[in-house]
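Under the numbering used here, the first sequence has 259 at position 259, and the numbering climbs by one with no breaks.
One or more hints might be untrue.
[Said to hold, decoys possible] Here are the simulated distance ranges between beta carbons:
1) GLU227 - ALA35: 22 to 32 Å
2) GLY163 - ARG239: 21 to 31 Å
3) GLN230 - ARG204: 45 to 55 Å
4) ARG187 - PRO40: 48 to 58 Å
5) ARG16 - GLN230: 17 to 27 Å
6) GLY163 - MET77: 15 to 25 Å
7) HIS267 - PRO89: 26 to 36 Å
What the hints contain is simulated information worked out from the structure, not anything from laboratory work.
Just so you know, even glycine gets a beta-carbon here, dropped at the ideal spot from N, CA and C.
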Amino acid sequence: MPELPEVEVIARGLQRLIGQSIIQEVEVLWPRSVARPEVPAFIQGLAGRRIIDVRRRGKFILFSLDDGRSLLAHLRMTGGFCVFPRTTPPHPYVRVIFHLTDGRDLWYVDIRKFGRLYLVDSPEEVLQALGVEPLSAEFTAERLADILRRRKGAIKPLLLNQGIIAGVGNIYADEALFRAGIHPLRRAADLDMEEVRALHAAIREVLQEAIDHRGTTLRNYRDADGETGQNQFRLNVYRRQGEPCRRCGTPIERIVVGQRGTHFCPHCQPAQP
DNA sequence: AAGAGACCCTGGATGC
DNA sequence: TGCATCCAGGGTCTCT
1 MPELPEVEVI ARGLQRLIGQ SIIQEVEVLW PRSVARPEVP AFIQGLAGRR
51 IIDVRRRGKF ILFSLDDGRS LLAHLRMTGG FCVFPRTTPP HPYVRVIFHL
101 TDGRDLWYVD IRKFGRLYLV DSPEEVLQAL GVEPLSAEFT AERLADILRR
151 RKGAIKPLLL NQGIIAGVGN IYADEALFRA GIHPLRRAAD LDMEEVRALH
201 AAIREVLQEA IDHRGTTLRN YRDADGETGQ NQFRLNVYRR QGEPCRRCGT
251 PIERIVVGQR GTHFCPHCQP AQP
């Protein structure tokens, strides 16, 4: 599942591979992959446009275009991009093909078809609802403390709320809580400043380390070069239920929080502080 | 504010 | 072996 680190790795790869390419023609093979505008306007709006920049915001990939508009992609569960010579035979999960003028194709691939593409005048039309970037300078421990103070719910669902912190998904929420030694059901407002500082550092560390290891590949994730990540070998709790905690040996537990599988060490992350 | 449930999808796991 | 069923999971939406 692409979360912030995986989307960052893909965006960097796309910037390198197609950062200045011109889109000649677009083929939409699965219309629902295009969120907006309508498919004909999407195709027409992209024809002839030069990509001038590819970057990430939250879990979105932003392609800036030479006419000032933007192509945005949210990969959801199984979306991805890859670049091939035009002679490459079709792939069963390709949903949108961007034919480039240099003879290559950019494929939007998505097994489960949850991902969405947006062609918009301004990226803010889509991104305005997002919260703070966890790897930015604005995300300080004090800012996190401000956020948590007003929240009566459990800490784990809060970390998954994109309107509060943008880019953290299920894997890195569990990993950050483990690293900070905080139980996923602790009330956000109950964390003391020492715990907030630990959580703030843990969020940034698990995300940055995952980027450094080119993302986590559990099933389908590949970067823009088609390579798997290496971060899956470094996970401490995610999908490790029943296995010994790497820190203390206690079996990792799995519970459901906010309808999401949640993994933690009952010894390193006590329910009571 | 927050939690539950439905929905969108498919591959893989599980059950019989 | 083969078929049916269940489940995960990000985000959005509705309802309470």
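Evaluation of the provided hints:
Separated by about 28 Å at the C-beta atoms, GLU227 and ALA35 satisfy the suggested range of 22 to 32 Å. Here the CB-CB span from GLY163 to ARG239 is close to 26 Å, well matched to the stated 21 to 31 Å. Taking 45 to 55 Å as the suggested C-beta distance range, the pair GLN230 and ARG204 does not conform, at roughly 19 Å. Distance hint for ARG187 and PRO40: a CB-CB separation of about 50 Å, consistent with the stated range 48 to 58 Å.
For ARG16 and GLN230, the hinted distance range of 17 to 27 Å is satisfied, since their beta carbons lie about 19 Å from each other. One distance hint, 15 to 25 Å for the beta-carbon pair GLY163 and MET77, holds here, with the actual separation near 20 Å. Distance hint check: the CB atoms of HIS267 and PRO89 are about 52 Å apart, inconsistent with the given range 26 to 36 Å.
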